[in-house]
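These are the residues of each chain, in order.
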Amino acid sequence: MFVKFLDIAIAGLLMGGIYALISVGLSLQYGVARVLNIAHGEFIMLGAFITWSLYTFFGINPLVSLVICGPVVFTTGFVLYRTFFTRLRIRSGSSAAFEGNSMLACFGLLFIIQNVAILIWGASIRGYSYLAVPVNFGGAKFAANRLLTLGFAIVIGLVFYLFLARTRIGKAIRAAAQDPGAAELMGVRITQVLGLCFGLGALMAGLGGTLTSMSYKIQPAMGLEYTIIALIVIVIGGLGSIPGSFIGGFLLGLVGSIVTYIEPGLSLVAYYVIFMLLLLVRPTGILGK
Amino acid sequence: MDMAAFRSKRSLVFGSIILLLLFLLAIIPLYSPGYTVVLLSSIFMYVVITVSWAMFSGPTSYISLASAAFFGVGIYASAILGRALPLLLVFGIGGLSSFCLALLVGALTLRLRGIYFVMFTFGLVELLLHFILWWEVRITGTTGRVVPTLDNTTVYYLMLITFAILMVTAYLIRHSKFGLALQSIGEDEEAANHTGVNVTALKTIIFAVSAFFIGAAGAIMATRWTYIDPKIAFNPLISFMPVLMAIFGGMGQLYGPVIGATIFTYLEEFLITRFPYYYMLIFGIIMAVAILYLPSGLVGLIQMWWKGGIARRHANT
Numbered sequence: 001m002f003v004k005f006l007d008i009a010i011a012g013l014l015m016g017g018i019y020a021l022i023s024v025g026l027s028l029q030y031g032v033a034r035v036l037n038i039a040h041g042e043f044i045m046l047g048a049f050i051t052w053s054l055y056t057f058f059g060i061n062p063l064v065s066l067v068i069c070g071p072v073v074f075t076t077g078f079v080l081y082r083t084f085f086t087r088l089r090i091r092s093g094s095s096a097a098f099e100g101n102s103m104l105a106c107f108g109l110l111f112i113i114q115n116v117a118i119l120i121w122g123a124s125i126r127g128y129s130y131l132a133v134p135v136n137f138g139g140a141k142f143a144a145n146r147l148l149t150l151g152f153a154i155v156i157g158l159v160f161y162l163f164l165a166r167t168r169i170g171k172a173i174r175a176a177a178q179d180p181g182a183a184e185l186m187g188v189r190i191t192q193v194l195g196l197c198f199g200l201g202a203l204m205a206g207l208g209g210t211l212t213s214m215s216y217k218i219q220p221a222m223g224l225e226y227t228i229i230a231l232i233v234i235v236i237g238g239l240g241s242i243p244g245s246f247i248g249g250f251l252l253g254l255v256g257s258i259v260t261y262i263e264p265g266l267s268l269v270a271y272y273v274i275f276m277l278l279l280l281v282r283p284t285g286i287l288g289k
Numbered sequence: 001m002d003m004a005a006f007r008s009k010r011s012l013v014f015g016s017i018i019l020l021l022l023f024l025l026a027i028i029p030l031y032s033p034g035y036t037v038v039l040l041s042s043i044f045m046y047v048v049i050t051v052s053w054a055m056f057s058g059p060t061s062y063i064s065l066a067s068a069a070f071f072g073v074g075i076y077a078s079a080i081l082g083r084a085l086p087l088l089l090v091f092g093i094g095g096l097s098s099f100c101l102a103l104l105v106g107a108l109t110l111r112l113r114g115i116y117f118v119m120f121t122f123g124l125v126e127l128l129l130h131f132i133l134w135w136e137v138r139i140t141g142t143t144g145r146v147v148p149t150l151d152n153t154t155v156y157y158l159m160l161i162t163f164a165i166l167m168v169t170a171y172l173i174r175h176s177k178f179g180l181a182l183q184s185i186g187e188d189e190e191a192a193n194h195t196g197v198n199v200t201a202l203k204t205i206i207f208a209v210s211a212f213f214i215g216a217a218g219a220i221m222a223t224r225w226t227y228i229d230p231k232i233a234f235n236p237l238i239s240f241m242p243v244l245m246a247i248f249g250g251m252g253q254l255y256g257p258v259i260g261a262t263i264f265t266y267l268e269e270f271l272i273t274r275f276p277y278y279y280m281l282i283f284g285i286i287m288a289v290a291i292l293y294l295p296s297g298l299v300g301l302i303q304m305w306w307k308g309g310i311a312r313r314h315a316n317t
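Heads up: the protein sequence lines correspond to chains P and C, in order.
For the first sequence, this note's numbering assigns the number 1 to the initial residue and increments by one for each residue that follows.
For the second sequence, this note's numbering assigns the number 1 to the initial residue and increments by one for each residue that follows.
For the record, the hints were derived by calculation from the structure and aren't laboratory data.
Fair warning: there could be bad hints in the mix.
Straight line, CA to CA, 25 Å or less: simulated DMTMM-like cross-link-like pairs of lysine to aspartate or glutamate [unchecked claim]: (1) C:Lys307 <-> C:Glu187; (2) C:Lys231 <-> P:Glu263; (3) P:Lys171 <-> P:Glu184; (4) C:Lys231 <-> P:Glu225; (5) C:Lys231 <-> C:Glu268; (6) C:Lys177 <-> C:Asp188.
Remember, predicted model here, so these are calculated numbers, not experimental data.
Same shape as in the complex, but just chain P (with noise of 0.2 Å):
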């Protein structure tokens, strides 16, 4: 009995893990930048890619790809920002004009990034194995790989709280995300800073693909059932708070541990369920304002 539960407790958090990592670019992206981004999980698939063909072709060592595939995505998430929804932000005028018409942008930025990897990469499944040893845990069996995303989730989210706490730049995030025309006329750059946020969610996107990628098989369709996870996890967290997005991400990890302990098909709707009564009762999540 024990084991039991400690088996669908740690299956939970290893999964919220995962699940956090990859809301938090999001909660940042709607959060600051006002991009509703349905393309966040395409930006996870490049980074599964990239980690992939690094491995596979060159034998780099996927948490080496860390270092490389973030600085790759989060250049092209800041240049996204500043060439194209810049451009679209002045144009839409009002705040909630821009909301809409970004998200739709995003779909077209969905097709595009999917069927360019489609023509790279191919459409068929892939996978690599790293990491794959069992580690016991009390009776309890895991993977390490996914150990291994749960503490670099951890502390990936870790550093990211501190630089938006404690940092310059982070102060000047968090005065765009209250009010970006005060920011703006208190000095702060905002253009720079929207792109910035943009970008970086870009980036923990791409370093949640490269993690999740040592333990899911990948594939360039793959990226739309991310995102929607992520923006279950968001909507339960509350939009833009970046503890909201751990607090949420684990909450629905151990709820589909829970749900797929009883009847496993029903996982997915479970998450649904929550996700809708939530946006009923409460559209701005446990954290939200």
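Given the coordinates of chain P, assemble chain C onto it according to the supplied hints.
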């Protein structure tokens, strides 16, 4: 007086053009090969979904991603009842089930702020998909169903009739007090509320009406596919496509979504067998460019050009 005469003359001309078009569309199956009929049915399918979507989302500015849910409900109505009841009745039931679902969802969610509504409607599609998937595997022990089929020409005529009814409905709503009230909701919901418009009721009703047509289209189109399963019936693309098509066509006019859906479905048929990935890539690029540079779609472009032409003519005289 002069203006009124001009108006009535213009509407007469427009009316005859539309009747002529409908007549041409109606006789196409008599003169053209089977492929054209199949292609046109697909075009009608997307046109119906897109116009229905635009009927709700255009004036109210709420972006619904629930089209796939309504479409799927229609498909399942056909699959479950197709053998038991006369098909015309089944199509009606398909539409009505979607109508009821939309009433329920609308009443629950249409007070949500924009972005939450979008997420909720999208969640609805995925919820239905995964629930039915689970239900079929665990409870009935089957995956997928066989749908009674109709021949291509019948499907074509059914879609043509649905399309015609939809366009008349959309036109009447647009030019009624109801349509005006909807427009006011899109512009400023609070102001509309204060001027005595029952905001929630109106939004819910138009949402349900648009769902009716999507559901009916699903029920009709299901008869063309023989076999369906939840992944085919609740394909999220059916939610995304109408949004893209309507924006590309432009939502300022009734015919905008029709043009957008027609062009894209034709492009899809043309490109998807030869270069499927390039098609989606091109689709994405057009989408992004259209949002940035064509905020009111192709129709906006045409109108701008048209007005520009008039202005130039006036300038010359």
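Comparing the hints with the structure gives:
no. : hint                  : result
1   : C:Lys307 <-> C:Glu187 : 24 Å, holds
2   : C:Lys231 <-> P:Glu263 : 20 Å, holds
3   : P:Lys171 <-> P:Glu184 : 13 Å, holds
4   : C:Lys231 <-> P:Glu225 : 14 Å, holds
5   : C:Lys231 <-> C:Glu268 : 20 Å, holds
6   : C:Lys177 <-> C:Asp188 : 16 Å, holds
Consistency with the previously given hints is maintained throughout, with no hint failing.
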